[in-house]
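Reconstruct the complex from the two isolated chains, following the hints.
Here is how the chains run, residue by residue.
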Amino acid sequence: MKTRLLASIIAGFAGFATVGLAHADVTVISFGGASQKAQDKAYYQPFATTSGTKVVAGEYNGEQAKIKAMVEAKNVNWDVVEVESPELARGCEEGLYEKLDYAKIGNKGDFVPEAVTECGIGTFVWSTVLAYNADKVKTAPTSWADFWDVKKFPGKRSLRKGAKYTLEFALLADGVKPADVYKVLSTKEGVNRAFAKLDQLKPNIQWWEAGAQPPQLLAAGDVVMSSAYNGRIAAAQKEGKNLKVVWNGSIYDFDFWAIPKGTPQKEAAYKFIQFASKPENQRVYSGEIPYGPTNKKAVGGMDAAVAAGLPTAPANLTGAFATSTQFWVEYGEDLEQRFNAWAAR
Amino acid sequence: MTTASETLDAFSGGTVPLKKRLRQAERRKKLLFGALILPLAVFVLLTFVVPIASLLKHSVANPEVHDNLPDTVALLKGWKPANGVPDEATFAALARELDAAKGGPGIAAVARRLNREQAGYRSLIMKTARAVPLEAGVSTRNTLIGVDERWGQTEVWQALRRAGEPITPFYLLAAVDLTTDEHGDIAKAPAEEAVYMDVLVRTFGMALIVTVLCLALGFPLAYLMVSLPTRHANLVMICVLLPFWTSVLVRVAAWIVLLQNEGLINQLLMALGITDGPIQLLFNNVGVYIAMTHILLPFMVLPLFSVMKGISPVYLRAAVSLGCPPFKSFWKIYFPQTLPGIGAGALLVFIMSMGYYITPALLGGPKEQMISYFIAFYTNQTINWGMAAALSAVLLAATMVLYVFYARYLGPTKGAKAKAR
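Quick mapping for you: the protein sequence lines, in order, are chains U and D.
Taking this note's numbering, the leading residue of the first sequence gets 1, the next gets one more, and so forth.
Taking this note's numbering, the leading residue of the second sequence gets 1001, the next gets one more, and so forth.
Derived from the structure by calculation, the hints contain no laboratory data.
One or more of the hints may lead you astray.
Think about it this way: if two alpha-carbon atoms lie no more than 30 angstroms apart in a straight line, the pair counts; the simulated DSS-like pairs of lysine-lysine are [what the hints assert, rightly or not]:
1. Lys1102(D) x Lys104(U)
2. Lys41(U) x Lys136(U)
3. Lys1328(D) x Lys164(U)
4. Lys1309(D) x Lys1328(D)
5. Lys271(U) x Lys108(U)
6. Lys152(U) x Lys1309(D)
7. Lys68(U) x Lys54(U)
8. Lys1057(D) x Lys66(U)
9. Lys164(U) x Lys177(U)
10. Lys1188(D) x Lys1367(D)
11. Lys108(U) x Lys1127(D)
12. Lys74(U) x Lys1057(D)
13. Lys1127(D) x Lys104(U)
14. Lys66(U) x Lys151(U)
15. Lys1102(D) x Lys183(U)
16. Lys202(U) x Lys136(U)
17. Lys1328(D) x Lys161(U)
18. Lys138(U) x Lys202(U)
19. Lys188(U) x Lys1029(D)
20. Lys68(U) x Lys1102(D)
21. Lys266(U) x Lys241(U)
22. Lys151(U) x Lys41(U)
23. Lys74(U) x Lys1102(D)
24. Lys161(U) x Lys104(U)
25. Lys1309(D) x Lys183(U)
26. Lys1057(D) x Lys1188(D)
27. Lys1332(D) x Lys1309(D)
28. Lys1057(D) x Lys68(U)
29. Lys74(U) x Lys1127(D)
30. Lys188(U) x Lys1057(D)
31. Lys1367(D) x Lys151(U)
32. Lys1029(D) x Lys164(U)
33. Lys188(U) x Lys1080(D)
34. Lys1328(D) x Lys197(U)
35. Lys1309(D) x Lys188(U)
36. Lys1102(D) x Lys266(U)
37. Lys271(U) x Lys241(U)
38. Lys1102(D) x Lys99(U)
Keep in mind the model is a prediction, meaning the values are calculated, not measured.
So here's chain D without its partners, still in its complex pose (with noise of 0.2 angstroms):
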């Protein structure tokens, strides 16, 4: 009877009430939790939300101007340009700033970032610089506009403004193609200028190609893979994961050797008369394709054949055994139960795809070349790194877009709640 009593006290509160017990294990089992992946949280933490924030502020981050002339900025600040050329207080200023920043990496800073607003202004800099500290008692704006006489015009201390600004748009409008006029609105970016809209349509589109060639090679193989015997489709597992391990790098140096006009491809078809010259497969978009879509259908084949393993093969027979004619059988019950494999397996080959940089880069001509191409030119070339932050930001932009999209529609917590309900 004892044990009784004790769980009707137990129920009834007792000493301590069963509810707070519970919710206090129930804490202890998430402080446990939380305990465990708190090392997986430091190492995302670091390596991935701390990168992306700073890649995020180096888009918009813009100290060269502001940190090194904070004076000629500040009084730059009430200048009107109506009124023309600014008064001997902001020349003193600059002047007495590029002295004192001169021969070190704070000048050169300056001048690249004013040249970014206009070519030429580099110079500028670099002359006036070297004119500075000016004698004792002569006035200043009439010294620099003798130096150079662009002191003199309204442009160049427009552009010290706009530079000045310890924040720009300026990256993130050049990423998407526009840019600011002279009265600070938003504009299109000139005709030669304007690529990178250009360049994500194209990122968009290869990535999507190149899934579509995936799932049309993938979704038969790994149906085979399942239809076969356990040993046989285990070999064509081994043939599937063999190339996934070799390295990307040595895949598409192979597929140079094959597609060249030299190479084995072109021979071949000429050996069989079937050109009479060698075929240009490299250098244009035939072997990004060929190349990306080896290295990437693996990611397509296999969830579509965790998928598919876990379909039982009774749905099929049974509409079959019903009367329902092969193909349509396969399409209206065993292609919907597919779904979540091609889903996610579209999804990581397109997210892939997007961010790929070295197979077009050696494969491709420069039609070809994708947004981690541009990426990767202002970070090594020109050393533009707003710019290679704000393409970046573009392209992570249009990836979480893409992800949501999925999540929301194509998803299996979608798929989930459809059977819910």
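Bound conformation, chain U alone (with noise of 0.2 angstroms):
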């Protein structure tokens, strides 16, 4: 009875995995959100029409350990999936990840520089910036340095609960150079510099934590100031909040597409990959949210005010600087200890 109960079970889960593969689904996991909304209308659906293959869309929050226990238990049910570049670089070093082939995907020339690496492909450009809630400071901030200034714009500020995007932010606010800032973080002296400036706004800060507070805390004039992801600012500006952003002091990162090791579904996940690589599928994604494209061809027939928007915008740009992967992959998690013990104090 006990072993025949015990069949049918596993009987119906092969039924279950037959009818997956029968179906040829493939599954596409990213980070949610506006972006995920952007996501459906640019590729998911348009996909689905053209090739047939229908998109089961999930979400998560880039948690590595899922993806580790799949690979690792040989059972991978998620095909493409959304990663950020620190998890990106060290799942790639640790076999989580497929090594692309370039030739299923498409010209590597056609793309940004950085988007191109050995286990993804980058597939937006988002930036952490400086925004401000324009109906409660008399004149625009236009620095970190700004920012820092309690005097000259009262109220607490809201800075991100972490190392990362905060220390940054520190530096240029103590007068080093956007191109310098990982080279300073990389010694003691730098770090206990970048500590030392957070500790003179320490009284006015109030931390935020996930990515839809920073409106919030703005709107409802809580800070006045705030570092924040510019696609959540774009969406409450959207609602008619008058929110502003300051591009200079800008940190802009990559967020790639990676196919998870021993998929079985790799060659659906590779024309996946390929469609959303495309300029005209890109635009249409950026025309939703202000998130830059990778592919350069995008930018190329794009609406005006669309492209003006983007972190990618070369008057965005100025000022603004890339994180260093390399960087947050080896001093991350000595640095956020150190964040935390002091913010702790």
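Here is the structure:
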């Protein structure tokens, strides 16, 4: 009786598996939220209509532990995953992701150079910017030095509760040039300098943890300025909130498509990535949420207003710089630990 | 007469001595009781003892380097830093083992572990792993030093040797703000990293304040409940228990709504003209104390109530009728009898507050985070389970010390002993 029950359960699972194979759906996991909505419109739905392969959309918070468990158990049912750059670098080293065959994706030269990596192809550029509530400040801030200036701009500020995208801004406010930020942060003196600068502002800081918080805090008037993800601020602006973005001193980074090692749907995964990397599709995505395309051809033919709001627009790139994946892979754990100890004091 | 002789027979021994029969009966009874509690014992073993044992093991376990680079670690045992970098054989073993671990989870584990000894060693390992296997016939030592000059310094080899021990005090020491210096002696951790003793003291301090607040609010409430007529007392009891049945998360969220800058409490205060601007009630200790006291109050009221219910009002009346003033009779006669309830309630509230995580995480700022926050940080964010386990072990030890103290000086057995004397 028991064995029969077990057998039928196994058969049931096997049935599910074959059903999955027969339809050849492709499971795409991204970070959810406003970005996933844009991905659905730009990639998932058109891919299903043109190729006949349905996209099963899922979301996660970037936990590599899940992917690790799947790959190690050799039971991979995620076919394409959106991954952030330090996680991609680590996962690639640890053998969690397939090494990409670019012949199946497109011409490497069509993409901005940073988007082309061994295990992942960049899909969009997002940015961490200085945002402020234009109703609450009299004069507009223009730099992180202004962010630190509590005399000229009284009121609370908000920063991400973590070392990443906080220490960089402290150094910028202390007069370090964008190009030198990671060089300075690699030294003990540089780290001390960043924390000393944060010490000055500590009584005025309200920390945020989730990307949805900064627009809320700004709109509610709890803080006058905040670091924030540019897409979130754009969404709040669409709702009619008078929030503004300062691109000077912003840090941009890539999100990538990667294929977990050992997925049975590798070919479909490649087809999806190829489709999602085409300039015309990336253009639709950027129209939905102001995250920049990685395919250089996508910028041409884009609506001028949309193009001007992207982190990759030439005007927005002045004074902006790319995050250093290598730096954060190397020093991240150490600095996050020290940041936590500092914040708790 | 026969019955009397049988009885006599039984007492004097008879065929089976009474003592033995009694022991058999006792043993049977014990076995029966044992069988009854067996499921519970197994449950406790599986869900409590085993996880705690594995947690304690995790706080000293150090398998990453030891398991993945066994030969290198073995060769390093005989190496003396004073004689400079290790010999060619050690270099060769390292190159061979890095090559074997390459591309799998092993190499990543080694790199992550070494990076904890010194930030920057992660890339050293990865870079070296990319360079191996080396061509035959070349000096491994010179080639590796060529790949990265750090292989020519003794520090990295010392770190490798430290990280290669199968058991490490590294995490436990770090959990109490200590570290080992280059000679292997115990030393204080650098000031910018030393935080856990402060956090532990803070955890105790916050738990103590919450306990005192719960006692101050709970004692009069419990007293009111025993003095009211039963029907009204039941009503009050329901009011105490009602929030108890609501999820902690829901109650915390409700407090956020009430306490925020634009929240009800601030609006009320401003409408009454008590303050001009909103008072910061959230993301500081005020909010955390209010919410924690609210959540933990039933744990104080219920034991107090059950003890007070058992105190006969006769003693108090007798004291008053003999001319003792009301407050003095309360203090000398009634209060001492409530001590077991105070002890039980206070211990319950104190120990529960020490492990609090979600309430300070949602309502407090970074300065209100208790030790559980750091345990969660290491478990989820940096995936440093050694550190998480070590902090848990410290919390467990602190709780045990407290419980032993309670059992010795305040517990119910202590009271019984005092009475017996």
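Item to check | Hint consistency between Lys1332(D) and Lys1309(D) [alpha-carbon to alpha-carbon, up to 30 angstroms] | outcome: Since the Cα atoms of Lys1332(D) and Lys1309(D) sit roughly 18 angstroms apart, the hinted pair holds (cutoff 30 angstroms).
Item to check | Holds or violated: Lys1328(D) to Lys197(U), with C-alpha atoms at most 30 angstroms apart | outcome: violated (58 angstroms)
Item to check | Pair hint Lys1057(D) and Lys66(U), alpha-carbon separation not exceeding 30 angstroms | outcome: Holds - the C-alpha atoms of Lys66(U) and Lys1057(D) are around 24 angstroms apart, at most 30 angstroms.
Checklist entry - For the pair supplied as a hint, Lys1057(D) and Lys68(U), is the alpha-carbon distance within the 30 angstroms limit? => result holds (23 angstroms)
Checklist entry - Within a Cα-Cα threshold of 30 angstroms, do Lys41(U) and Lys136(U) meet the stated pairing? => result violated (36 angstroms)
Item to check | Agreement of Lys138(U) and Lys202(U) with the hint, judged by alpha carbon distance not exceeding 30 angstroms | outcome: OK: Lys138(U) and Lys202(U) at ~23 angstroms, within 30 angstroms.
Next on the checklist: Lys188(U) and Lys1080(D) were given as a pair; does the straight-line alpha-carbon distance stay at or below 30 angstroms?
Outcome noted: The given pair, whose Cα atoms are some 29 angstroms apart, holds under the 30 angstroms limit.
Checklist entry - Lys68(U) and Lys1102(D): Cα distance at most 30 angstroms? => result OK: Lys68(U) and Lys1102(D) at ~16 angstroms, within 30 angstroms.
Checklist entry - Given the proposed pairing of Lys1309(D) with Lys1328(D), does the C-alpha separation stay at or below 30 angstroms? => result With Cα atoms ~21 angstroms apart, Lys1309(D) and Lys1328(D) stay inside 30 angstroms; holds.
Checklist entry - Would the pair Lys1102(D) and Lys104(U) pass a check requiring their Cα atoms to be no farther apart than 30 angstroms? => result holds (27 angstroms)
Item to check | 30 angstroms limit on alpha-carbon distance, applied to hinted pair Lys161(U) and Lys104(U) | outcome: The given pair, whose Cα atoms are some 40 angstroms apart, is violated under the 30 angstroms limit.
Next on the checklist: Would the hint linking Lys1328(D) and Lys161(U) be met if the CA-CA limit is 30 angstroms?
Outcome noted: violated (54 angstroms)
The structure shown violates the earlier hints numbered 2, 3, 6, 14, 17, 19, 21, 22, 24, 25, 30, 32, 34, 35, 37.
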